[in-house]
Amino acid sequence: MKTSIQLYNKLKQTVELFYSQLKLNKFEKTKGRKLAIKIIDVISLGTFKHLNGIPTKKALYKIFQPKCSYKTLVVNLNRFAQLALIVISVLLKINQKEASLIKHTDSTDLPVCLNKNANHHKTMKFLSSWVKNGKGWFYGLKLHITSDLKKKILAIRFTSANACDSKVFMELNKNLNGIFVADGGYVSKDLQIEFYRENERIVFIAPRKNMKKIITAWQFYLYNTRMLIELNFRNLKMFHNLITSLPRSMNGYLANYTYSLLSYLIS
0 MKTSIQLYNK LKQTVELFYS QLKLNKFEKT KGRKLAIKII DVISLGTFKH LNGIPTKKAL
60 YKIFQPKCSY KTLVVNLNRF AQLALIVISV LLKINQKEAS LIKHTDSTDL PVCLNKNANH
120 HKTMKFLSSW VKNGKGWFYG LKLHITSDLK KKILAIRFTS ANACDSKVFM ELNKNLNGIF
180 VADGGYVSKD LQIEFYRENE RIVFIAPRKN MKKIITAWQF YLYNTRMLIE LNFRNLKMFH
240 NLITSLPRSM NGYLANYTYS LLSYLIS
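In terms of numbering that gives the first Met the number 0, the sequence shown opens at residue 0 and continues consecutively.
Certain hints may be false.
Computed cross-link-like contacts, DSS-like style, restricted to lysine-lysine with a CA-CA straight-line distance of at most 30 Å [stated by the list, open to error]:
| no. | residue 1 | residue 2 |
| --- | --- | --- |
| 1 | K92 | K166 |
| 2 | K66 | K30 |
| 3 | K115 | K57 |
| 4 | K134 | K166 |
| 5 | K236 | K124 |
Quick list of the computed label-pair ranges, beta carbon to beta carbon [unchecked claim]:
| no. | residue 1 | residue 2 | range |
| --- | --- | --- | --- |
| 6 | K22 | L100 | 29 to 35 Å |
| 7 | V130 | I85 | 29 to 35 Å |
| 8 | N132 | W217 | 25 to 31 Å |
Source of the hints: derived by calculation from the structure; they are not laboratory data. Don't be surprised by glycine CBs; every beta carbon is placed ideally from N, CA and C.
With the hints as extra help, turn the sequences into a complete structure.
Structure follows, in structure tokens:
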């Protein structure tokens with residue numbers, strides 16, 4: 000317990016730095032009844048949960064026992080996740096300024112429930128869809144990211160699972176320059192032509208297995224660096240609780256993804 004408090008206080012110092020610089024205190028109530036738990040504590044607790052692999056909000060509540068009810072904690076975690084998104088956007092801009100020349104774009108599956116429960120799943124039905132990937136069928140969303148050779152995340156988008164990767168690519172990377180590397184899921188002649196900007200950016204897309212293509216040794220090296228972006232997905236899923244089926248509201252799911260990403264970006 001003592002160790003958890005120490006780790007939490009250290010994390011809270013980092014969150015407070017962004018909180019003050021971004022002037023997020025303007026969202027605090029100045030009239031009427033005060034919040035049962037401060038916004039800075041809500042964001043810090045939500046981030047701490049994912050940074051330390053705490054599986055549920057109930058477990059988080061038992062560890063810290065804040066001066067509010069469990070329901071109040073859950074409501075505020077979901078409510079103020081929007082402010083955590085502001086911090087994420089700032090961290091992405093910082094990473095973009097320090098990014099290496101070579102960048103990777105890819106997407107990963109975000110199931111919202113087990114396949115056997117999909118037909119009865121109502122919470123995320125307006126955002127979710129069925130799609131088949133290399134691992135089989137799943138029902139849920141997709142997380143699209145762009146990262147660089149240092150594995151720093153530069154851009155993020157959430158879409159329904161059946162979204163076309165090549166179409167999302169343009170929106171995801173519209174403000175970025177450099178040499179982009181993507182896998183066979185992004186094969187599109189139009190994408191390569193439209194995205195290209197002389198002396199600023201170009202995209203190299205790895206050929207699919209059923210395609211024959213002559214490549215240079217340098218292109219072969221580029222394609223082999225794509226595994227770096229997979230490390231981001233693995234770490235988010237294994238150590239930051241990105242995937243969940245526990246929330247009982249759409250806001251709960253979105254808050255889970257937000258705090259997971261924030262905890263990863265500041266770790």
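For a quick check of understanding: which of the numbered hints are violated here, in increasing order? none
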